[in-house]
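So the protein sequences, as listed, match chains A and B.
All residue numbers for the first sequence refer to full-length UniProt numbering, where the first residue is 1 and numbers rise by one.
All residue numbers for the second sequence refer to full-length UniProt numbering, where the first residue is 1 and numbers rise by one.
What the hints contain is simulated information worked out from the structure, not anything from laboratory work.
Don't take every hint at face value.
[Unchecked claim] Mimicking DSSO-like on lysine-lysine, the simulated pairs with C-alpha atoms at most 27 Å apart in a straight line are: (1) A:LYS362 <-> B:LYS28; (2) A:LYS453 <-> A:LYS362; (3) B:LYS191 <-> B:LYS28; (4) A:LYS362 <-> A:LYS597; (5) A:LYS243 <-> A:LYS544; (6) A:LYS214 <-> B:LYS61.
Computed from a predicted model, the values in this text were never measured in an experiment.
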Amino acid sequence: MSSGLSSLSSSDELDNFNPRTSPTTPPKPLEEELASLALTLPHPHLLSDQEDANGVSDGSEADSNGLGIQQSDEEMRVGEVCEENVVGNSASMVQEPTGGSDGAGVVWGRTNSEIEVDRPASPSSSGYAGERGSSSASSGRSEMDGVAEDEIQELRDDDASIGENSNSVPSWVPGKRHGDEDDASISWRKRKKHFFILSHSGKPIYSRYGDEHKLAGFSASLQAIISFVEDGGDRVKWVKAGKHQVVFLVKGPIYLVCISCTEEPYESLRGQLELIYGQMILILTKSVNRCFERNPKFDMTSLLGGTDVVFSSLIHSFGWNPATFLHAYTCLPLAYGTRQAAGAILQDVADSGILFAILMCKHKVISLVGAQKASLHPDDMVLLANFVMSSESFRMSESFSPICLPRYNPMAFLYAYVHYFDVNTYLMLLTTNSDSFYHLKECRIRIETVLLKSNVLSEVQRSMLDGGMHVEDVPVDSLPRYRTISPHLGQQRAPSEFPERFKESYAGMGGPGGLWHFIYRSIYLDQYVSSEFSSPVSSRQQQKRLYRAYQNIYASMHDKEIGPHKTQFRRDENYVLLCWVTQDFELYAAFDPLADKALAIKICNRVCQWIKDVENEVFLLGASPFSW
Amino acid sequence: MGCSSSVPDRASGRSGGLNPENNAADSKNLRVKLVLLGDSGVGKSCIVLRFVRGQFDPTSKVTVGASFLSQTIALQDSTTVKFEIWDTAGQERYAALAPLYYRGAAVAVIVYDITSSDSFAKAQYWVKELQKHGSPDIILALVGNKADLQEKRKVSVQDGTEYAEKNGMFFIETSAKTADNINELFEEIAKRLPRPTSS
Ligand SMILES: Nc1nc2c(ncn2[C@@H]2O[C@H](COP(=O)(O)OP(=O)(O)O)[C@@H](O)[C@H]2O)c(=O)[nH]1
Ligand SMILES: [Mg+2]
């Protein structure tokens, strides 16, 4: 049965689907790819002053074998699209012509399972019928007020003020912070990154900081900007004002805005707005739009009552969860047999009319299966896991809740049975049948029995303690390969082929060659695996900075105008970042800023080989239509 | 997780929706579906947790969708009653989905907060909704919770009693915090359950 996580829709595509991470034709070693650089034309004006630059293709020479490098080895900032210097209070606008319906380029999943709740027609409780829209027009403020230069200033210790302790999920205070602020508060203006949701009539729906109701005037200003441009037939994408970037996303009657001075690329911020919108759809479905058809001034805040915590935890995760920009999910490392055992029982119950059965440990997947042809988008998994983990009530007892998977079907609710087996491990059974609670409860009992009997739950606990891949364990000799590395994912360290001095100089300083961290994303599997943070990136702040750097390089690798790139090597005062994209995987690796380039490349190849050796354990394999 | 109901009571899920297949397992051991309704924040979850686990956690954990818990009590006449309890969220966005939880319920406990007139108005809305769409012979209980907050009281005992009488409901004031009247609430409900006529 299929639990394909790629967005497969037709059976033709299924036939071509390659469920393995191992490519049929292995990619060229990275050395070879970078060696071919020497043959390509340098890009002189980009390369002046760059000490380590030895050649960059201008991208016009497409390599015939498809593995070539279009542009790489640049030690420069890519992706600076907007002008930095905007004078005074004027803001420069970049507009995109209106084209697609939603303008988002989102490919929705299947929509043939629309479910309506079978309910008595009750005039007072139909849909989101609460016609709460107040009639007062939003206050008049000048259009540009809201985004005037320097209104929001950088606040150094924002976000970083909490929890300096390292490792996986950082501490986080649930709920809205600074709910007493409004746009007149200096503290509010100094926040580094704001997110807003508002309606097309300018009514506030959500604000990361401050009380939505007090921000009515500010919301109206944002609305004025958007409608000003929309009236001209264009759509605002972003505005640059001084240090601040303002990114807009229009979704029918709902507007989303990010105001940020974090220097994240536009694509990242836009992706974050897309996720915030998806989170809202997960809670309400897209049928909220109908409320605005009935009453354009509809006040949506009441519909989202009690969900502040869901949004704040999602926004927080932009800083620590790579799934939010990689559009891939990650698995808890487990022995192959253990994961198989979990998958088998999930499959068993899924055959009885469950759409998706997902077993997770925090934000990591233990196993998941889907009904025939149903596929779960990785973004939906991020949103679903965030929703469940941030809502404390799921931990109290088993629950049955309507939820919507925006990439699966944004119009309809599914019903989620949620049960925690222990503090971190939870099961989600999703169905289209609103009447199936007792059936799902029985399924859970069966699953629990099997998981206990086959020790899956204790293995999960152990994996949590052991952690995943450590850069210190990257095998640096070429032979022999480890066949089974579980449970400690390659902790038998091999003698090094590298000179002793490397081992010495990097002792306690990350892995061989100055490797600090890596993320490997398998394209076919929609999964990624990242290393645990090593000591050079132990603080929360360092980790966040590294993720920002990854986000930047990810955006530039995927930039349609100047990319897509095959490889990129960047050196700045914080890191050497090496990025390698093939048809099968993407590797992002961070090294010591003084790392030797040739050695770094060698290490990257080792990492890729290592991951192939342990792919059975770090990925969920066989989640393909062929497994049944 | 701590639910006393972790044993499957029937062979397979054919029908029945959110209802246990039959309310009465046998004449000595009753099984009953109960739903809690009322505005968000009135203390529904606290009442259930007090009844089922004997705990009170003042830090509010907003319910999502609905939680399912069960608890069995023994009555004087040596019958037992197993309550299968749906603790609903009470938020506006779930209002349209409430029938999912109250359909087929034998008992509905409608809760308000004695310190909030709004929540009392909301309780009346739920009463009407259930009179219209609930099971015809549903037992309705009206509960004024947070009775420990006497000094902040906005809804008088008399208002509650009168409204309940007019609508043929059983009325009680409780405090999940002090545990006052919590067991009494469920015992009173149990006494009012129709006993199955043996067949
Ligand atoms: N003083 C007092 N507070 C209560 C009582 N019951 C609940 N609360 C508080 O009311 C808030 C909401 O309770 P909760 O059970 O989550 O409400 P629900 O939304 O109806 O489930 C929580 O902060 C509780 O601590 C009570 O009997 N007395
Ligand atoms: Mg509750």
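*Which hints, by number, does the structure contradict?*
1, 4
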